[in-house]
Each structure stands twice: as C-alpha cells, then as structure tokens.
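Peer 1: Protein sequences appear in the order of chains H and G.
The first sequence: position 56 = 61 (the working numbering), numbered continuously.
The second sequence: position 210 = 215 (the working numbering), numbered continuously.
Note that the list lumps identical chains together, so a pair holds whenever it fits in one copy or between two copies.
Result set (EDC-like, lysine to aspartate or glutamate): computed pairs, CA atoms no more than 20 Å apart in a straight line: (1) K297 <-> E164; (2) K45 <-> D214; (3) K255 <-> D284; (4) K140 <-> E24; (5) K101 <-> D88.
Calculated from the structure, these hints are not laboratory results.
Number of protein chains: 2
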Amino acid sequence: MLTVDKYLELINNAITSIEYPQTPLGLYEPVKYQLDMGGKRVRPLLTVMACDMFGGDINEAISPALGLEIFHNFTLLHDDVMDKADIRRGRPTVHKAWNENTAILSGDAMQIVATQKVCEAPLRVLKEVLNLYNKTALEICEGQQYDMDFEAREDVTREEYIEMIRLKTAVLLGCALKMGAIIAGAASLQADAIYKFGENIGLAFQLQDDYLDVYGDAETFGKKIGGDILNNKKTYMLISALSMATGETKERLEKLLAGKADDEKIAQVTRIYSELGVDKIAREKIAEYSQKALGYLDEIPNNGELKKFANSLTERKL
Amino acid sequence: MLTVDKYLELINNAITSIEYPQTPLGLYEPVKYQLDMGGKRVRPLLTVMACDMFGGDINEAISPALGLEIFHNFTLLHDDVMDKADIRRGRPTVHKAWNENTAILSGDAMQIVATQKVCEAPLRVLKEVLNLYNKTALEICEGQQYDMDFEAREDVTREEYIEMIRLKTAVLLGCALKMGAIIAGAASLQADAIYKFGENIGLAFQLQDDYLDVYGDAETFGKKIGGDILNNKKTYMLISALSMATGETKERLEKLLAGKADDEKIAQVTRIYSELGVDKIAREKIAEYSQKALGYLDEIPNNGELKKFANSLTERKL
Numbered sequence: 006m007l008t009v010d011k012y013l014e015l016i017n018n019a020i021t022s023i024e025y026p027q028t029p030l031g032l033y034e035p036v037k038y039q040l041d042m043g044g045k046r047v048r049p050l051l052t053v054m055a056c057d058m059f060g061g062d063i064n065e066a067i068s069p070a071l072g073l074e075i076f077h078n079f080t081l082l083h084d085d086v087m088d089k090a091d092i093r094r095g096r097p098t099v100h101k102a103w104n105e106n107t108a109i110l111s112g113d114a115m116q117i118v119a120t121q122k123v124c125e126a127p128l129r130v131l132k133e134v135l136n137l138y139n140k141t142a143l144e145i146c147e148g149q150q151y152d153m154d155f156e157a158r159e160d161v162t163r164e165e166y167i168e169m170i171r172l173k174t175a176v177l178l179g180c181a182l183k184m185g186a187i188i189a190g191a192a193s194l195q196a197d198a199i200y201k202f203g204e205n206i207g208l209a210f211q212l213q214d215d216y217l218d219v220y221g222d223a224e225t226f227g228k229k230i231g232g233d234i235l236n237n238k239k240t241y242m243l244i245s246a247l248s249m250a251t252g253e254t255k256e257r258l259e260k261l262l263a264g265k266a267d268d269e270k271i272a273q274v275t276r277i278y279s280e281l282g283v284d285k286i287a288r289e290k291i292a293e294y295s296q297k298a299l300g301y302l303d304e305i306p307n308n309g310e311l312k313k314f315a316n317s318l319t320e321r322k323l
Numbered sequence: 006m007l008t009v010d011k012y013l014e015l016i017n018n019a020i021t022s023i024e025y026p027q028t029p030l031g032l033y034e035p036v037k038y039q040l041d042m043g044g045k046r047v048r049p050l051l052t053v054m055a056c057d058m059f060g061g062d063i064n065e066a067i068s069p070a071l072g073l074e075i076f077h078n079f080t081l082l083h084d085d086v087m088d089k090a091d092i093r094r095g096r097p098t099v100h101k102a103w104n105e106n107t108a109i110l111s112g113d114a115m116q117i118v119a120t121q122k123v124c125e126a127p128l129r130v131l132k133e134v135l136n137l138y139n140k141t142a143l144e145i146c147e148g149q150q151y152d153m154d155f156e157a158r159e160d161v162t163r164e165e166y167i168e169m170i171r172l173k174t175a176v177l178l179g180c181a182l183k184m185g186a187i188i189a190g191a192a193s194l195q196a197d198a199i200y201k202f203g204e205n206i207g208l209a210f211q212l213q214d215d216y217l218d219v220y221g222d223a224e225t226f227g228k229k230i231g232g233d234i235l236n237n238k239k240t241y242m243l244i245s246a247l248s249m250a251t252g253e254t255k256e257r258l259e260k261l262l263a264g265k266a267d268d269e270k271i272a273q274v275t276r277i278y279s280e281l282g283v284d285k286i287a288r289e290k291i292a293e294y295s296q297k298a299l300g301y302l303d304e305i306p307n308n309g310e311l312k313k314f315a316n317s318l319t320e321r322k323l
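My request is simple: use the sequences and hints to build the entire structure.
Peer 2: Here's what the structure looks like:
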C-alpha cells in the first residue's frame, strides 16, 4: 500500500501525460482547460487506492481512474452551462472563456474521451467495469435532473433531497471504489461493500458541505460562509427548516427568502436554523452516514489509508 | 439474407421495445421523443445488413445497431441546440418543446444510453466494437466543430469541406457497416473494405444533398429547393463557386450573398453556379465517390442488397 500523496502523484502524472489530438483546437483546448483546472482528484484516487487494497496491479487501474475524473469534469462543464455559472475554481468556466456551443460540444467530446479511458480496463473485467460505469453515469444525469426539478418546487422533502445528492454525487464515489476493487479481482460481496462505503461517505460529505456553508469557518471551509443562504439554495438545511418551521417562524423565514440578499439575511436565517435545531439534525445525519460508511469497511483488507482519507474528508470543522 | 424492409422491421420493433426508467420524467421523456421522431434508420440497418452479409447472427447485432441510432439522434439533439434549429422532421426540437437545459442534459443521458447498447455486443468482440465506436464518436464531434468553425471563415477549401463532412457524416456509415462485420467475425481486410464503402457512399450522399438543394426536384428531394442558398450555407456548391469565381462574377456572387434572401437570390446564385460549371463538378465528384465506394464491395460476399440500397440513396433525382 502506498500513501495518498503517492497515489495522487501517479494520477497527476497520468493526467499531465494525456495526449489530445492537435485539431480541431476549438474542440480539444477546452477539454484540456477543464481537466487542468485542478481539484482534489478524489475519484481516481479512490479507484487506485481500492485496487491496491485488494492486492491488484494499480497500473491497470490508472486509465479507468482517469476516465472517472474526466467524466466528473465533463459533468461540471455541462452543469456550469445549465447553471449559468461564470467561475469555477477561480477561473472562467468554459462557456464564459469560449462560448456556450463550445462548452456543449467539448463536453460531449469529453464524455467520449472518458469512456475511452474506462475502456482501457483489463479485458477480463471490461464488461463488468463498463456496466458499473454506464449505470453510474446515467444516475449522475438523473441526479442533475432532480436538482433542476427541485429548483422549481417548494415541497421537496428531505428524503427526496438525500436521493438527489446520492445520485448526483455519492454514487460516483461508490463507483470509483468498486471499479478499483473489480480490477483487483475482489470478491463481489467485498466490491459491493466498498461501493456502499463510498456512497455513504459521499452522502455524509455532501450534507457536511451544506452544514458548513452555515456553521463552518470561512478559512477551513475554503469559501464564504452563507453563500447558499444568500442564493436561497435548497440545501439540506433550508429544506429541513422549511419542513419544520410553523407559525411566526415560518412567516419570518419566508419573508427572509423573499427579501434582500445581505449579511443580515445570513444572520437571521442562521438564527432560525438554530432555533429549529436544524444544526443538530444535520450533525446527527452526517454522523449517521459516516458511521454507516465505516461499518462497510470492517470486512475490507488494508483499510487504514482509506479510513484516514475518509476522516480527512468529513472531519473538516464541524 | 433478408430484405431491407425485413431488417427495418426488426430494428423498428427493437426501438419500440426500449424500456426507459420511469423517473425522472424530465430526463427520459425527451430521449424517447427524440428517438421516436423517426428517420430512415440507415445506420442500424447497415449494421444488421453487414452482419448478415458476413454470415453472422443478426440478433447479436441489433443492440449495437440501436446504440449507433441512439448516438446519431443524440448528435442531432445537441446540434439543434447549437444551430438554434426550431424544427426537425416536422416537430419542435427538444430545446423548443422543453428548454435548452433539458436538451443538454437529455442529450448527455442519450449518449450514455447509446454506449450501453453498444456494450451489449458479444464479449468476444466487445473491445474491438468499442474502439471503433469511441473513435467514430469523437470524429463526429470533430466534424461538428469544423462545421461551426467554417461558419466564421470565408476561405474554406473544398478539401477542408470534404474532410468536415467525412467526419460529421461519412465515418458513422463506415462504422455502422464495420461493426456488423466485426460482430459476424469477418476478416479484418473485409471489415476495413466495407468501412471504406460506407465512408465513400456517405461522402457521395452528402455531396448529392448539397447538389439537390440547387438542382433537385422539390417533390423527390423532400424539401424546398434553394434553402441552402437562402441561408448562405457553406455547401460544396457555394465553396466551389467562391473558389472559382473571379472579377465581375465574384462581385455579383458576393453582392447576392449580402443581399435579400428571396426567390430571385436563388435564381441568380443558381445561374452563377451553372455559369461556373459547379453543377458538373459536383456531379463528377458524386460519381467519383460512388464508384470508389462500389469498388470496395467487389470482394465482399452477398453484396446485392447493400448495392441496391446504396443506389437508392445516391440515385435520387440527379
């Protein structure tokens, strides 16, 4: 077993070594731009790490791992078009740096490049790897569709929200781990267990992201606190508050949502969350999914490094 | 060997039998809508026919054949967004019937569904089928990129135009035929030959489409004559005329391109094409690619039905 830093070094070297066709420049330049934006490379890391945990040859896992990272970045590229987001990781998004048509078409090409990389999985597991990949890719589209549907709805339940983030975010973490396990030839019960670990840790991580937007520390969280509140973003926090608030509290909350997006709004909405105990509910939910995730690791060999990494993900300032 | 009608019956039944997930409706309804728009189903027809020609089991070819038809329809869906086209086959395009975000996301899902179908190819040829499919899919994106690039350029050469339509249209016909051949276990020289047949017949067909827009008969062509001229569309005809016209003729042509889009424009531009002999050059080019295509069929068994079908494609009123 290597360390997280060592896996990341392998992955980043492999990303740097990807060769794109020279022409047409307008197609491949945005693909490279999007992939070079950086990010934590969590998904390929999980694939390579899982392969190593089950005693596989990590060289066999690198290309499929890159495929997942490229697929993830393709979804970000198209999501940014759909959300009309101008900035990602401090740089203009592809549809701002070029234009919308370029973003659509380069995204399409990126999805194909991702599939090509996944297809480099060893032949003995190719079919199984592809079934997992295609299923997960489609689920991610479903998650994005639910996310857009929810924007227009006022009655989203917490269960629906959890299912949405499961599809949009968590299944790809499960897929990344299971793909590494499959390539290593893990028994299918163990491959399924590590998938469930990834799925649950993904849910915990996403809920924590919602929580930290309200109760986090700007420095360790890495972005401005209260951004979701300013944008009326339907996070686990807001959905919980909307479903729990009654009477005068409900009126106050609705007035704040319809009102000016300023620091006072952040302070007032946060106060309502605390009055309702949304903070406590969220912390319990995060702990629940984290615990559930760790339970799936019990039967998995060499799980030390993965446990450590999972803790680093979910133990940002709570 | 079956007849074209019989192959089409098999394909259309298979398309009707595709089961989509029930939810989210906003994701899968547009996919079904796009695929049910109809069309000639040329690509899956070629796959199944080629499989049969080489003595393969056509049941093994049906799913991959559908994959290509779904992929083709995905490209039409996204192209319509990029071209801001409102109508396709007499019905509102997806981004008009729903909205642009739905068109982007449903297209993404459609690309995954296409790959899923291709992945149902027999395991013994899965890797080879996927390599061909991914390569072709990426080439189609390249073709669309060149097409968009050319819109903004005044100096596109005929060679560049041919390369663009080769990528955007012709390679998928070659891919469809070769995929059927691979599934049937054809020798690789023969699989390559049938690919070249498809590629060249695709070029002939696309050039003929450009020609018929000017010199065709509205009834047999199926659309209004002169549509490309009205829109200054950079077809083989216009690119040839622009590269050949000099002096007063060139001035007249450029004035017409900058002028009003009416029947007089169609008449005048057509006259210039005829003066320059663009009609003759186009007819010769179409014949050249058709002949080249047929040459590749010489060594291919059971080629009668395919020859007949190819003739029906390229023998519309010339």
